[in-house]
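Participant: As they're listed, the protein sequences go chains A and B. Reminder that position 92 of the first sequence reads as 121 in this note's numbering, one-by-one numbering, no gaps. Reminder that position 238 of the second sequence reads as 256 in this note's numbering, one-by-one numbering, no gaps.
A couple of the hints might just be wrong.
Here are some, though not all, of the chain B residues that point toward chain A, as calculated from beta-carbon distances under 7 angstroms [stated by the list, open to error]: (1) Ala58; (2) Ser59; (3) Asp185; (4) Ala187; (5) Phe213; (6) Leu255; (7) Leu259; (8) Gln261; (9) Gly266; (10) Ser267.
Derived from the structure by calculation, the hints contain no laboratory data. Just so it is clear, CB atoms sit at the ideal spot from N, CA and C, and this is done for glycine as well.
Read off the chains here:
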Amino acid sequence: MLTISNLTYHIANKGYLFQNVTLSVQPGEIVGLTGHSGIGKSTFAKVVAGYLTPDEGTINRVQNKRQPHPVQLIWQHPEQAVNPKWRIKKVLEEAGPIDDEWLERLQIHSSWLKRFPDQLSGGELQRICIARCLMTRPDFIIADEITTMLDPITQADIWDVLRQIAKTESIGILAISHHYELLERLTDRTLSFETLSKK
Amino acid sequence: MKPILTIDQLSIVHRVSEQRLLNQVTLSLQPGEVLGLVGASGSGKSLLAQGIFHLLPTNLYRTGEIYYNKRPITTHDRGTNLVYIPQSVEALDPLMKVGKQIVEVIREMNPEQKMLELLQRLGLQKEMASKYPFQLSGGEARRVLVAIAFATQAEVVIADEPTPGLDEATKREVITLFQELQQSGKTILFITHDFDVGLQLADRIAVMNQGEIVEVADQTSFSGDGDQLQHPYTKKLWQALPQNDFTGSS
Chain A
30 MLTISNLTYH IANKGYLFQN VTLSVQPGEI VGLTGHSGIG KSTFAKVVAG
80 YLTPDEGTIN RVQNKRQPHP VQLIWQHPEQ AVNPKWRIKK VLEEAGPIDD
130 EWLERLQIHS SWLKRFPDQL SGGELQRICI ARCLMTRPDF IIADEITTML
180 DPITQADIWD VLRQIAKTES IGILAISHHY ELLERLTDRT LSFETLSKK
Chain B
19 MKPILTIDQL SIVHRVSEQR LLNQVTLSLQ PGEVLGLVGA SGSGKSLLAQ
69 GIFHLLPTNL YRTGEIYYNK RPITTHDRGT NLVYIPQSVE ALDPLMKVGK
119 QIVEVIREMN PEQKMLELLQ RLGLQKEMAS KYPFQLSGGE ARRVLVAIAF
169 ATQAEVVIAD EPTPGLDEAT KREVITLFQE LQQSGKTILF ITHDFDVGLQ
219 LADRIAVMNQ GEIVEVADQT SFSGDGDQLQ HPYTKKLWQA LPQNDFTGSS
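The following block holds chain B by itself, in its conformation from the complex (with noise of 0.2 angstroms):
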């Protein structure tokens, strides 16, 4: 099968220190599969993302080509081709109901209708179409923001850190929600620090360090002592889980 979404040599450099924040990153998504991608905080995980839809800050820029279908993706693919699920969930338009928001992205007949039943599937009441997202609670602004990434024509969703600071239960409608979004078709990169979510969710996992991909390994070779995994790196990530060895560094 031929990939969908190619990473090929992502960089990430600093423009006045030259300093490599990523680091030659290859990666490729199949049609239909959910990628996990896993690292300690500040190993570039959300910098990926932004890479790949141009949205670096200033003194950063990028080297390294991402393909889309085998093509060079171009701006016109963001929010077409692929879809940006943020980390923040203040990402919603502030000034702007919460269905219209989700209106604006379906390229469809009635969308009004669309929307609705989009909202209605995610478990939200219909009343929410007409809230702001300052009256909705955390798990209900996500809710949206999944709502939105159905919305659009996107096959390929890349969802930067969807549960932070979560309780189990809301982390396991998150997961729910985006096992749904996988089920429709869709591909999904999703970036995560929570180990357990990105194994619970993922067919493969890849394990980023110091702003390099050291490994991508099936799911299922996250098992036992780890002794399928080839990493040290993974290993010691596997191994420190408090429901393994819970052993960090030294």
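So that you can see chain A by itself, here it is in the shape it has in the complex (with noise of 0.2 angstroms):
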């Protein structure tokens, strides 16, 4: 189980962006995570997945030396995820060695890995993320409005493989969104980050 207690950020200057948020994934369970714009959802995916470091709180998924974080962010521009420059299969490569399953599982032609990013549109760059995140096997994922920029029919594709992939490989998904609909047809439960974060 993922389990988050007593998380606190605070940004210099501007004091605290979210107080003492608690709360756990269960393996292969789907959570939402909603609030208004600003209040800081993002930046607490950015603290659970590594990226920064609270300033009190623990979460019992930490990254051990020399190997992928447990916990794995899917961001919303997949355009700004992956280095320009590369082509697709370098980009894969960032998560070692390509594993044929998940792009076969994805739905990730064989053609694309020798393009470069801005040659695929913005569902298949996202997939490719997702394959890429999937690579480093995590535990946990969380998807930060991973769909938003997406029509409705490429929007569920993805969420259609990704429940797949939660139940199948027990990996518990946190799934941020504005989209009430969405959450409602998607998770478990939904959390308000309004909520979590009482100061």
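Could you fit the two chains together into a complex? Lean on the hints.
Facilitator: Put into structure tokens, the structure is as follows:
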């Protein structure tokens, strides 16, 4: 289980962004996280995935030396999450040797590997980012608005695959979104960041 | 009623590969209506707006014709009869104060006064006028862009993706802004990948797939199982919404 206890983070000269946030995610569970813009959801995601250090609080999954972080983050804008000058093959190899199983499950065409990021559509590139994430064999995934920029069909496709993977691989997913109907459809339960970060 | 803007067989072609990125797009807008243009990313929605305004990158060219009030549009129409609200709020001039940018497009007496009225109408403090774009939040910058659309005499507003990545509250606010634009008598082409927003705002929805308009349907046709929709892609798009079947392409 991913357990986050009393997580607190402040921004210099601006005070606390959030305080004492406590939540947990079970393996294989999809938990929604919602809240208005600028409240600190994405910063919270970065703290949990190890990009930022919290002021206080504990997370029971941390990175071991020379290992990928057990909590992986998938970003809202895939085009900003990959090196634009690398071919897709190299982008994927960041996570280690390419595992064909994931490419197949995410319907990634082998011809894409030779291309550059700007030669794929938003939905295709997001699938590359998801494959890169899964190839690190994470225990938990934080999906930060990962389908906000995509059309409904691509959105449904991506979540269909991710839901199956969460189940078969027992990966817990924390899905951050503003989209109420999406979370309603997708998650086992949804938490409000406003309520969690009461100061 | 005669259409105010007609796009007649507009194609956008790559100069080298001769690939058609937009294929024979024909659309017309009636005065005072909001037409939503939806479709996947990369389907050519933004190209259409850029094509109308002659803002295409140099490696692309266009064929076909665009008519404003039944006559072919000229460069003079751009910014006077037709106004473009681009996708990026970076479209504001970074070196010019916000107030001045609004005043510049006002063709009336007392532009300063008019500009202050507009700021107030859009819920912005009058101090905003003396700020530079970098001092604005994303939402404020967007309102300034809408203020510019209000300030022009233009009857037709073409807005490209004005709601990317906004939370529900801000999204509602943007929708309200555009409803006000419509009520002030403007005709709006509203380009969005966000189907929900398109449905809330538009009278008719044009659906674009791979550079072609596959269907133009009344907003009311998007209900129930989508039985009133004609094209399989439109039905698919409707059914893929989380509040409907949430089924993808497979």
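Participant: Does each hint fit the structure? Answer for all of them.
Facilitator: Okay, the hints, checked on the actual structure:
1. Ala58: holds, 4 angstroms
2. Ser59: At about 4 angstroms, which falls below the 7 angstroms cut-off, the nearest Cβ of chain A leaves the hint on Ser59 of chain B intact, so it holds.
3. Asp185: holds, 4 angstroms
4. Ala187: Holds, about 6 angstroms.
5. Phe213: holds, 5 angstroms
6. Leu255: holds, 6 angstroms
7. Leu259: holds, 5 angstroms
8. Gln261: Holds: closest Cβ of chain A sits about 4 angstroms from Gln261 of chain B, inside 7 angstroms.
9. Gly266: holds, 3 angstroms
10. Ser267: holds, 6 angstroms
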